[in-house]
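Here is what each chain is made of, one letter per residue.
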Amino acid sequence: MSPKTTPLTIDQLIDDRRTRIVVCCGSGGVGKTTIAAAIGLRAAERGRHVVVLTVDPARRLAQSMGLTVLDNTPRLVDGVRGTDDEGGDAASAGAGAGAGGASAGGSMHAMMLDMKRTFDEIVEAHSDPDRAAQILANPFYQSLSSSFAGTQEYMAMEKLGQLRRADEWDLIVVDTPPSRSALDFLDAPQRLGRFLDGRLLRLLVAPAKFGGKAGLKVLNAGFGMVTGVVTKIIGSQLLRDVQTFVSAMDTMFGGFRERAEYTYRLLRMPGTSFLVIAAPEHDALREASYFVERLERDGMPLAGLVLNRVHSSPAARLSAARSLAAVETLQGLPESDSSALAITALRLHAERMRRAATEKRLAERFTAAHPLVPVARIPAQAEDVHDLDGLRVIGATFGPG
Amino acid sequence: MLVSMRDTDWDGVRLHVVTGKGGTGKTTVAAALALALASHGKPVLLMEVEGRQGIAQLFDVPPLPYEERRVAVAPADDGRPGGDLLALAVDPQSALIEYLEMFYNLRQAGRALTKLGVVDFATTIAPGLSDVLLTGKAAEAVRRKKDGNPVYGAVVLDAPPTGRIGRFLNVSSEISGLAKVGPIRNHADTVEKIIRSGQTVVHFVTLLEEMPVQETLDGIAELKNVGQGNIQPGGIFVNMIRRGPDGPVTAPADKTRDVEALEVALKAAGLGEDHGLAADLADELAEEARAEQTQAAQRRLLDAAGQPCYELPLIGDGIDLAALYRLAGALREQGAA
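Order-wise, the sequence lines are chains G and C. Residue numbering for the first sequence follows our numbering, starting at -16 and increasing by one per position. Residue numbering for the second sequence follows our numbering, starting at 10 and increasing by one per position.
Don't read these hints as lab results, they were simulated from the structure. Some hints here could point you the wrong way.
[As the list claims (entries may be wrong)] What the simulated footprint calls covered on chain C by chain G, stretch by stretch (three residues with Cβ under 8 Å from a Cβ of chain G suffice, anywhere in the stretch; the number is not a length):
#: 1; segment: 28 to 41
#: 2; segment: 220 to 229
#: 3; segment: 267 to 280
#: 4; segment: 292 to 299
A virtual CB, placed ideally from N, CA and C, is assigned to each residue, including glycine.
Input sequences plus hints: build the corresponding full structure.
Next up, the structure:
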């Protein structure tokens, strides 16, 4: 007996005006960005005002959405069709910017995250120009803000918070960074908050605040040892940079934690839906299980699993076994061009049916472990998606059934 | 065919860095390559650095601690017994504590530092430092000697994905903005020497799909620009190749004629009642031919990169030890190890 799967209807999710944020997560290489973009376009063409936040889109997909530069600003995507002309001719590209994109139906903006710029903007917004300049020039800050580990996750969430606060869009679709571990983007804000609250930081700030060695004297010997060790590991010059950075940032720290907490709360609110994206493959589904478990543990609103690139056959009525039996029959008959062609076709079909069966089995295994998680199936496309039409083809599978 | 040590494409290489886009099977390929290398008889160390415990899952063993553990033995070769395959999951925190111990005898202090958050701080908030500690561990394993001989025949590093690889390996300059002098700086310089020597190559794992292929080509180009461009690109490992049962399918010249021919043959095979079947099967043929064309185009792009290419078949039902042996065998046949 195969376990019963609750179908996930993405159209229902995006048609529900209460849905304000859709977060697409999943391991790398499963088509997360494509699905996020397809959801954005579909929602826009069904009347919503959408912004899609992507992290690292494939070049051609980015170009198709008009994202030629990584400039951290939402750009209006041309060529989004209003609800009026659905199924008709494409709205002319130029009209998208004006009434064409907005009046008839929805609109779609897309942006690519620039994590350094996002970080810089927070600094600029929360300190006076002199101090901001001081922080931006600090070597430690530069390393922190342009490195990949953790910062990207945090900044993606920060940007999400900003977009939500701006309240210019009624739906935000987020494509999460391909994190090293399952849900870094959930942990990063908290980790940063914890770090900024920590004793260590106070300790590091102390000497700079009270002026060099004098500051150290007021601390007990244990703390002195720690600073000594830190100096040994990272060198005194780096330590000085960190201290300068920390004291310059001191006034902003409370703000950072507040923002991190705001974003975390935002993610748990009813208007947010998480979609876990996976390919019907062993590893990707195992990762998907982690994601689902982690989201459930954190009380995050999980809408369901999107099984991307599912293979099927237009001739599913012919089983692999019957197909191969027919091959044997043909092989017993005199050879001819038509039988050779049919043998190739039938073998290929059997292979396809086997593949579909393997995928089905893997999906069923997931559902057996997570029986309550609704599942949407997106058929495999013959070619990579790199234009709005390709995204539309995917979006067309978001309906029921 | 027996392959002797001299026949491999990467003789003299001691550190194999394996990268690739997410979802291409980087860890699997790294493991298969490590097994293939171990079949020369000397022990090989397989390292992972991303805290995923992918190696443990692959070899079906409990999560790896920060300790080199034997996970498999390579198949015998040329009558000689195969070497051991050891695995290690490196995390920056443990690497930092080990580093402190090695250089400053600070094991006890390490615990106190962990408690105070120094370790967390140093590794999370200064990520460049993490990378140096991770690559540093690999460099240490490469250089480690016992009785004057290297302990490991080779070290295979399951590295971060292609998008991060340049930064990951560009230790020295990543650190130079942060630490101009001091112990970390010296450490970084030592690591850098190994990474930029002929002892190290960076392999790329890809699928015959547009995005992974593009990332591979970008990654190879990026290596040429990292630092002084002395990091050697290695092989391109084309993973999960799916072969049709009858080899490549060519696009039909005339689909209507195909459908007619199929109708005749299907009738002869006893499948004549289903009238739409011939057309559906012709569609499948055409789709397959199109996929074949796309793949051929990607293959041409990879060939033009000028690096040796190796092919690994798709293993549908999850990778187990038997599958790894099979992949390792395929790599040896093609001269990758």
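Status of each hint after checking the structure:
With 5 residues having a beta carbon nearer than 8 Å to a beta carbon of chain G, the segment 28 to 41 of chain C meets the requirement of three or more and the stated coverage holds. Beta-carbon proximity to chain G at under 8 Å applies to 3 residues in the segment 220 to 229 of chain C; the threshold of 3 is reached and the given coverage holds. Given a C-beta distance limit of less than 8 Å, the hint that chain G covers the segment 267 to 280 of chain C holds, as 10 residues qualify and 3 suffice. Judged by the Cβ-Cβ criterion of 8 Å, the segment 292 to 299 of chain C is covered by chain G as claimed, because 6 of its residues qualify and three suffice.
The structure fails none of the hints (numbered hints given earlier).
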